[in-house]
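Could you put the whole structure together from the sequences, leaning on the hints where they help?
Protein chains in written order, with our numbering: chain A, 213 to 465; chain B, 2 to 641.
No wet-lab data here; the hints were simulated from the structure.
Some clues are possibly wrong.
[Stated by the list, open to error] Pairs of lysine-lysine residues, derived as PhoX-like cross-links and limited to a Cα-Cα distance of at most 20 angstroms, are as follows: (1) LYS319/B to LYS303/B; (2) LYS356/A to LYS363/B; (3) LYS65/B to LYS93/B; (4) LYS587/B to LYS603/B; (5) LYS374/B to LYS265/B; (6) LYS158/B to LYS323/A; (7) LYS265/B to LYS339/B; (8) LYS430/A to LYS419/A; (9) LYS65/B to LYS319/B; (10) LYS356/A to LYS374/B; (11) LYS323/A to LYS157/B; (12) LYS419/A to LYS377/A; (13) LYS323/A to LYS377/A; (14) LYS430/A to LYS363/B; (15) LYS440/A to LYS430/A.
[To be verified] If you anchor each label on the Cβ, the simulated ranges turn out as follows: (16) THR378/A to GLU114/B: 38 to 48 angstroms; (17) THR112/B to LEU336/A: 12 to 22 angstroms; (18) GLU409/A to GLU458/B: 40 to 50 angstroms; (19) GLU227/A to ILE508/B: 44 to 54 angstroms; (20) GLU346/A to GLU305/B: 30 to 40 angstroms; (21) THR405/B to GLY335/A: 30 to 40 angstroms; (22) LYS303/B to LEU400/A: 53 to 63 angstroms; (23) THR112/B to GLU326/A: 34 to 44 angstroms.
Note that this is a predicted model, so its numbers are computed, not measured.
Positions of the beta carbon are idealized from the N, C-alpha and C atoms, including for glycine.
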Amino acid sequence: MGLKRNFRVWRGNSEGEGALADYEVDVLEGEVVLDVIFRIQATQATDLAVRWNCKAGKCGSCSVEINGKPTLMCMTRMNTFEENETITVTPLRTFPVTRDLVTDVSFNYAKAREVPAFTPPVGLEPGDYRMSQEDVSRSQEFRKCIECFLCQDTCHVIRDHEENKTNFAGPRVLMRVAELEMHPLDTLDRTRMAQEELGLGYCNITKCCTESCPEHIKITDNALIPLKERVVDVKYDPVKWLGNKIRVRSSKD
Amino acid sequence: MTDIERYTYDVVVIGAGGAGLRAAIESREQGKSTAVISKSLLGKAHTVMAEGGIAASMANVNSKDNWQVHFCDTMRGGKFLNHYRMAELHAKEAPQRVWELESWGALFDRTPEGKISQRNFGGHEYPRLAHVGDRTGLELIRTLQQKIVGLQQEDKKISDDYESRLRVFAECTITDILLAGEGEDRRVAGAFGYWRDTGKFVLFEAPTVIIATGGIGRSFKVSSNSWEYTGDGHALALRSGGSLVNMEFIQFHPTGMVWPPSVKGLLVTESVRGDGGVLTNSEGRRFMFDYIPDVFKEQYAKTEEEADGWYTDPENNKRPPELLPRDEVSRSIMAEVKAGRGSPHGGVFLDVSQRLPAETIKEKLPSMWHQFKELADVDITLESMEVGPTCHYVMGGVEVDPDTAAADGVPGLFCAGEAAGGLHGSNRLGGNSLSDLLVFGRRAGIGAVDYLNELDEAGAIRPSVSEQELDAAVAVALAPFSQTEGENPYTVQQDLQEVMADLVGIIRTGDEMRSALDRLAELRERVANVAVMGGREYNPGWHLALDLHHQMLVSECVAKSALAREESRGGHTRNDFQGMDPNWRKVNLICRLVSDEVDVTKQDLPWMSDELISLFQVSELSKYMTEIELSQLRVPEGAV
Chain A
213 MGLKRNFRVW RGNSEGEGAL ADYEVDVLEG EVVLDVIFRI QATQATDLAV RWNCKAGKCG
273 SCSVEINGKP TLMCMTRMNT FEENETITVT PLRTFPVTRD LVTDVSFNYA KAREVPAFTP
333 PVGLEPGDYR MSQEDVSRSQ EFRKCIECFL CQDTCHVIRD HEENKTNFAG PRVLMRVAEL
393 EMHPLDTLDR TRMAQEELGL GYCNITKCCT ESCPEHIKIT DNALIPLKER VVDVKYDPVK
453 WLGNKIRVRS SKD
Chain B
2 MTDIERYTYD VVVIGAGGAG LRAAIESREQ GKSTAVISKS LLGKAHTVMA EGGIAASMAN
62 VNSKDNWQVH FCDTMRGGKF LNHYRMAELH AKEAPQRVWE LESWGALFDR TPEGKISQRN
122 FGGHEYPRLA HVGDRTGLEL IRTLQQKIVG LQQEDKKISD DYESRLRVFA ECTITDILLA
182 GEGEDRRVAG AFGYWRDTGK FVLFEAPTVI IATGGIGRSF KVSSNSWEYT GDGHALALRS
242 GGSLVNMEFI QFHPTGMVWP PSVKGLLVTE SVRGDGGVLT NSEGRRFMFD YIPDVFKEQY
302 AKTEEEADGW YTDPENNKRP PELLPRDEVS RSIMAEVKAG RGSPHGGVFL DVSQRLPAET
362 IKEKLPSMWH QFKELADVDI TLESMEVGPT CHYVMGGVEV DPDTAAADGV PGLFCAGEAA
422 GGLHGSNRLG GNSLSDLLVF GRRAGIGAVD YLNELDEAGA IRPSVSEQEL DAAVAVALAP
482 FSQTEGENPY TVQQDLQEVM ADLVGIIRTG DEMRSALDRL AELRERVANV AVMGGREYNP
542 GWHLALDLHH QMLVSECVAK SALAREESRG GHTRNDFQGM DPNWRKVNLI CRLVSDEVDV
602 TKQDLPWMSD ELISLFQVSE LSKYMTEIEL SQLRVPEGAV
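Given below as structure tokens:
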């Protein structure tokens, strides 16, 4: 077997009770953190709760925090740590713990459900869609998202402020809005909704989400900032502002 | 008294991959209340692993393509053991299913005219695979997931409840399909399982269940499959009285990563070869030219010049042999390694760095670039990849009616996707899986809806689950907790994976498979003796202990069928019976559970309709069929 390494892994329940447990475990050449967690599971703690699927960075299931950094276990190689470094694995901090390393991420699904679905032009038949590669590329970047929710976990608007969860949907969901807004054939306008219902205004573009993205999607620059610009266009253009005032009597601003 | 959550639905779909979600969309659109049960979170199913694309003869890139050519390619790829009717429906309906995805928001790569772009792939005559870079599966699953959300939004407007007609039960595992009635009247009444997070039991009462649970690859040591692929649906169907067809056919994808050990088996998409990548051995030779089998001699290039010319001028050149069907390429790689011409870590070389500019590689194969860079320190724009076969897909599966996806022998049970058998024959072509999910997922949804309508029109009372059946299901689920000392489930699973890989793997012999069956019998006793530590809340040890029952049963079906089929064809290669035997082409091997034992019987393969058979040249058919079959062909006057 390979080198013995020290792991500290959060063991805890949904009541918030728990503690870090120490494991001394063999590590082989070329392994990632998830391999080592599997070895702990198979040899020392068969009930260690871990969420994973593809082990290839494609499904976004094995999100945790390693030495405090939100990341995917399957894409974190052991040779990125010092040989004598203790590796601490804890669950995502922004979401409630289900058990051990597994968190309840239903918040993300609930928020995603608030974004109205793709709405094509009436009468456009399947098979008749024509779009240029250049036009679909922008939204395609956002559709690379594997829904690991690391950006949601990292975003300080909800990471440190539970109370903001009601009003703020998080970068993943706002990026979905941007994706639909930039879809060449979508007919709905969701910009006002992004600002007023999904909390786009809470984002102060610190780019933490972009830095955490394992797919290297430029969430802030390519999705959130352009979306903010569209909001400004709609909200602060005097003509559009007047038009909206006349048609929509109520105003939340 | 055990506390059990109870729900009532019209349709219960087990599995939330491409087939399950497409089935659920169909039944909900036709007004039936539908539950989707998923072992994982929504959007994480194995479908996301599909890279290359969806095969559909839209003819966007080569106008010569049509469903007939796609049908013929599929039959050839499966070595004519496919259920012809499934292959026909699949080829005819795939384009509609792809276009429909686009109307639900999917964004495929485009042609210069703004249509959906299509790429070349192994065994497909024309560029046929709609794709999004090399992450097509993700696009498919996300589109279906978002369509489900769209339907829930519609329901919310009417009922103020997103989940009034369509609900996804995420991280919930089904352990039993429950039946009601006796004899001829015995039919599906519901499904039983547990929530993974709390460990609490849940009962779904429903007259129809659609199995869309995917494959069985977790029972093999080197595999591209995730933990979910434990053959649940195959086993559930068998235990409900259904049958499995041709379980001996397992696809070993030729190009899995071989190093480092932790990623061994991880998939390297066939698009690498479709876009120009070549396979070489340690001597630098493009060895695939040495392995073109007789049946494919007419369709593949004999020289490197001709093969390379094909990428730009397919009209005047034949395809490179790197794009032979997957079973051929896997066997060739095995032979090279065995002959001592392998790469340092026991594979062969796959190179695209000398074939395409770095920028093109990153644009066309972004996740491959990412995967090798991050997991193996290999820059595929500069160096070759090392690759070797990995267990990828099971062609065999639940025997179904091609048109309705109804499982044979179990009223109310339907099956689609990888869990169903027949479409792919003895070997599946790349790209035919995603289209399979959509075509037959939809058909399973329709099949369930029609069955329900007939039941309701006949005024039949919906079958109800008996407390006795329920108690039995609870007892099985709790059994691993009844002993404190016993086998570690992870150890048992690893041992099973070794038995299957070593003795029922890519190259098989009768003696090894007989010893595999002995080993499986020992393992079965060990599975009965598995103990788990901890409680019922999110306990993977317990989950695995229950999954092992499915894995054992399905592995036995694979081994018994493989021992019974005395020929080599597609994803079943026997050292002691080399080559195809036309007499075996006519035979489906059917597994059933008889007094708790797997029983294998022979059954005739359905005979193709005249219309379909006339799509082939007699000279080609003569490579597959017996003299008697050929003499019975009703060939139109003048055909060769």
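To test your reading of the hints: which numbers does this structure violate?
Every hint satisfied by this model.
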